Amino acid sequence: MIKAILIFNNHGKPRLSKFYEHYTEDTEQQIIRETFHLVSKRDENVCNFLEGGLLIGGSENKLIYRHYATLYFVFCVDSSESELGILDLIQVFVETLDKCFENVCELDLIFHMDKVHNILAEMVMGGMVLETNMSEIITQAEAHNKMEKSEAGIAGAPARAVSAVKNMNLPEMPKNINIGDISIKVPNLPSFK
Amino acid sequence: MALKIVKGSIDRMFDKNLQDLVRGIRNHKEDEAKYISTCIDEIKQELKQDNIAVKANAVCKLTYLQMLGYDVSWAAFNIVEVMSSSKFTYKRIGYLAASQCFHEGTDVIMLTTNQIRKDLSSPNQYDTGVALTGLSCFVTPDLARDLANDIMTLMSHTKPYIRKKAVLIMYKVFLKYPESLRPAFPRLKEKLEDPDPGVQSAAVNVICELARRNPKNYLSLAPLFFKLMTSSTNNWVLIKIIKLFGALTPLEPRLGKKLIEPLTNLIHSTSAMSLLYECVNTVIAVLISLSSGMPNHSASIQLCVQKLRILIEDSDQNLKYLGLLAMSKILKTHPKSVQSHKDLILQCLDDKDESIRLRALDLLYGMVSKKNLMEIVKKLMLHVDKAEGTTYRDELLTKIIDICSQSNYQYITNFEWYISILVELTRLEGTRHGHLIASQMLDVAIRVKAIRGFAVAQMATLLDNAHLLTGNTQRNGICEVLYAAAWICGEFSEYSMQTLEAMLRPKVATLPGHIQAVYVQNAAKLFATVLQKHEGETDSQAAQETSQLLIDRLPLFVQSANLEVQERASCILQLVKYIQKLQQKNVEVAEEVTALFAGELNPVAPKAQKKVPIPEGLDLDAWINEPPSESESEDEKPKVVFAKEEPKHYRSRHTEVDEKELARRREVRKQEQANNPFYIKASPSSQKVYDAPGVEHIPVVQIDLSVPLKVPVLFNCDLYLWLEEERQQKEKAERKKKEKKKKREKRGKGRKADSGPESEEDIRPAHQVDIVTEEMPENALPSDDDDKDPNDPHKALDIDLDKLLADSEKLPVRTHRPEVLKSPAEDRDSKSVPQETKKKRGRGGKEKKEGKEGERKRSKEEKKKKKKHKEVEEELLESQPEEAVQSEETKEAAAPPTSTSAEASDLDFWLSSAPVPPAAAQEVTAPSSAAAVDTSSAAAPESEPDEPKDTEPEDTKSSKHKKKKQKKEKEEKEKKKKKRHHHHHHHGDAGGEDSVQNGTVEEEEPLPVMYIYSLLAENSYIKMVYDIQGNHQDESKVVVSVIFENKSDSFLKSMEFNVLDSLNSKLQRPEGAGPHDSLTVPFQLPPGVSNEARFVFSVQSIVMPQKLKGTLTFIVKSDESSTHEKLDFKLHFTCTSYLITTPCYSDAYAKLLESGDLKGSSLRLEGISMPFHHLLARICFHHHFSVVERIDSCASMYSRSIQGHHVCLLVKTSVFIESKWEESSLLGNVLDEIKQTFSKC
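Here the protein sequences come in this chain order: A and B. With UniProt numbering applied, the first sequence corresponds to residues 1 to 193, in that order. With UniProt numbering applied, the second sequence corresponds to residues 1 to 1241, in that order.
Here chain A stands alone, though its shape is the one from the complex (with noise of 0.2 angstroms):
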């Protein structure tokens, strides 16, 4: 069982937080500092799995997590979980992240949190691993986006339009902050096809 997924950057700050056992908020943040905590001060080339007390679940969890650039990606799983496997669903994740958002960066996971959401509910149900396949995420969420765009119709133009028109004049929305090199792999680990 997968006992949560964090996204943080490099300061800590969520970037999304999906808990599949119930928290209250404040230990949710208190979670994601600690797991914040625990996971910045490591070095980039030691190993991508963590153990001990943490609040969330104890001893038998273990946090398996991924630095990309300027985001960590951290999902706290139970002993059920293969550490290697799940280092490659998280390069899945990515991989597909990048796909739906074409050369994705911080700032599309801060503005679009929800799609993030998203797509990892087609990667992830409630805890437990729902696809692998990243062509067939793929498929799911483009799937939804045009389900919505058929719902949202002619009413849905004007709001475009005045999204698109607010996008122009922002000044921070460059693409540049790439989420770096995600085609850095653990070698030999092509565990999904």
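For the record, the hints were derived by calculation from the structure and aren't laboratory data. The structure displayed is predicted, hence computed values, not measured ones. All residues carry an ideal CB built from backbone N, CA and C; glycine is no exception. Don't take each hint at face value.
To be verified - Pairs of lysine-lysine residues, derived as DSBU-like cross-links and limited to a Cα-Cα distance of at most 35 angstroms, are as follows: (1) B:Lys-176 - B:Lys-118; (2) A:Lys-146 - B:Lys-16; (3) A:Lys-99 - B:Lys-1066.
As the list claims (entries may be wrong) - Not everything, but these chain B residues come out facing chain A in the computed CB check (under 7 angstroms): (4) Leu-96; (5) Cys-137; (6) Ser-355.
The hints should help you fit chain B onto chain A, whose structure is shown.
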């Protein structure tokens, strides 16, 4: 209307959307909280509007704020509103918000039940999908109960997208509503073989999660998983399955034996490290489970260790980490194979990654032996010195202690060395583990009697240098050690009495109270020993000086803030004063004083108290006195408060006094010191941390100025190591006492002079130490049941899935809903219910024969896997046309087509791959005979009273029968066959139960083996055999089970099965497929493997036999090439394939015959020489009949078609068959077929 919408959306575009909110927050970095609170106010306004789009937008923003840590539960109702929007866009927003912030305590959740149910049954698959996703996050027990049935229906949805989500969410439903597990399980199991890989993966996922918590309930699925493991190519699924096997093997070692080979193959072949790693892990689990019984797996161990070494040597830190992790598992059972990699592991201790160092430490724990313990610990001590960061150093410290103390100090050959290590560890700055070291010291000193002298000497040194430990306030963790030191010195004071002074230094008063108390108490013990020692002497000066010392120093403790210290001190002070008086009168008091501390303390096991059995007749829950009335307890309250408050005042007041007092005393002492010629300063070398004003009173005699005052252990570690080597060498050389003496002298120099002469006698090199074991109370119960967590939600899921499913257990169904179309699969499920009943009865009767068909089939498959498939084939071919072939090897016998539940087959049989001995073959009879025996007594009362002829012989028969049964049982016991059956084929059962009524089984010869599958087509690549099955629930459908067997050495894939439909019979294709499209066979076949697929056909008329032409296309993939191949076949739907074995009671049968609706026809079979019961069994087996009753050589039989036609047969004296049927043409055809069957033999 359209205008209104546009107007609404124009209004809307000036609302803030999520992007605006995020942007706003980023622009208000300095007053974020304030900005957000205004935003929340806006959102509240938006939520009040009627426009659902505005609401959805607001809810979307709330979801973002929730992530930032804002409580949004106040908007729960609005979230429900948005969830119930008809538009997918909004619905999704609503469900997302709900999944983020709803939980079991959210009260509006109960409003959502109907909405969710509506969404689940929505025609739009994405609505359903979104609802499932959301529900997976906030499902409550109520929701689970109400929706379980809906979700179960979705598990058979046409879209794989929905199926996989429905399957996955079932796990959450099980957790919240455990009652749903048993009714839903058959279908879940079915999904393991779903054609869609996603659904399959989801099912594997769920079952793995379930099985991980309660593995024993899922052992029976092992064959199925085994099949999946050998056929699946999805690494994710493989990993899950392999992990599951890892959990199952400890329960069933035989499973492990089976697994080793395929796992080893995977290890060699896979390129995915994740898979390789899990394989290695499971092989390790297997080896652990086998460790006792199977010594011949050294090759597998070597393979694992070798692969792990590669992982550990990899530059990738992740692999290194996991390699070490897995290595530690091997270590437990095969320490030798790991120990050869000690170099590698010690190397990992130097790794820059802390996680890796910790893992390496774990490994070291298991790698120590008597030989290398000292060396390893030495290395660790070096790391302790180097380690930066207290956490890692503390970890090292605990590890050192763990390593040394494991299994009752098994590996320690020299306890002096160990004590020295402990003493050295006390020098660690800022460690939290003072108490750990202390308890080790106590434990060793108490339990290893021979070491006490040495321990006391060391402890005395520690006490003497207590300032080193307490000098820094940060170090207070370590001063716990002084507790142990003081206690050891006092308790074993006969070894050394010099420490009394050190224990009464004024500086002691700065230690924590509980330590001071121990100091005071043990000072008294020491005093007692000193008295005793000097008793006999004429000169009583020494004893009197000691008394004086105590009387001088104790007042300091009498003033202590700590009650315990104060109390003990004042008590002892008075005692000493009294003793002093007596001493002056020259009265001998030593004996009385020693008596105060007489007796030995023994170690007590930590659980000892818990294990004290409750004496008989003692009821711990009963009141001894009636509980006091409430008014009384109220009276007492103020008292409690008072008692609580008192010590507080006391303490705070006292600390003040203490400090003043201390300062004053310090001054006084300085003065005194300056003037007193008896006090000297301690040697300069130890003065670094020394607190100048706190200089202690060190009696001149005891200071050897030539030896610097220093904790003498720094070099001890090496010294002992060297000694150990020396000792080993010496043992080899068999040298004697001279050498020993030399060494003792050496050591004597090395150690501090004051360590006393007593310790010398136990320095004998090869310590023969008796380690006192911990005491347990008499009659202690050996149970260790305290490690289970009663709150584990998975406990509720510990459900026996093989048990009968009672009506009351069925999932609640809402009756007013239109009934969902039942798939054949579903029918099979419901059918398995009565089947299971029978099985249960069968077990009660201890009969073990039914279900063998399943076993046989399984064994057949196994054989194939073992690459004996050619042989098998030949035999199969033989057994088809000539069914009378009485092969001794029962394993070749095949099963009648099985329902899915029967598919899992008999685990035990699957596991025991050995061929069944011939004796067993004899017992394998046709289904009827077996079931007949065990239910005979139960069925007897049901027999018709209006047939008096039958009843009498029946009774006698059945009693004979019982005898025979018992006999059989005995035989079976002797053979010690452990075969149990889990599943029955319903043919067998039904036929069996009926014949039971008549008790016909007697005197029967063993029945020949029968094979139900008939050949469909065959070429050099593939062979197909098939069987056709109908069922009652659906009168227009039959299921064709086809077993595909790969005969080639190549991989067969992309198999497509197609049949040319006739008007009457059509292959059921998935929705959307054209009438000529072929069906993909949901698996691939590696060489030598066979697998079964089922195809559903719809039929209209069943009165005529049918032949359908079909083709199987597939790709043969060998190393170099792949070719497209085709195989034509003819699928023969006989009339018997539309018959279903249905039990019928003789009264019902009689009525049926009387009714006159049936038409008759008869058939004479010529030249049949087989025994009558063989004939009956054959008809039962091949033509789906069941015996209603049998009288001598005349039997009536019954069957029913899928469309409900009754068929009655009267079989007489083995040659004449008379039959009746409602449908005459059908009847004629069936008779023809029967004739054909018998003409073959």
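Taking the hints in turn, this is what the structure says about them:
For the given pair, Lys-176 (chain B) sits about 21 angstroms from Lys-118 (chain B) by alpha-carbon distance, which is consistent with the 35 angstroms threshold. The straight-line distance between the Cα atoms of Lys-146 (chain A) and Lys-16 (chain B) is roughly 24 angstroms, inside the 35 angstroms bound, and the hint therefore holds. Between Lys-99 (chain A) and Lys-1066 (chain B) the alpha-carbon distance is near 43 angstroms, which puts this suggested pair outside the 35 angstroms criterion. The closest approach between the C-beta of Leu-96 (chain B) and any C-beta of chain A is roughly 6 angstroms, which is under the 7 angstroms cut-off, so the hint is satisfied.
For Cys-137 (chain B), the interface hint holds, the least distance from its beta-carbon to any beta-carbon of chain A being 6 angstroms, beneath 7 angstroms. Interface restraint check for Ser-355 (chain B): the shortest CB-CB distance to chain A comes to about 6 angstroms, inside 7 angstroms, so the restraint holds.
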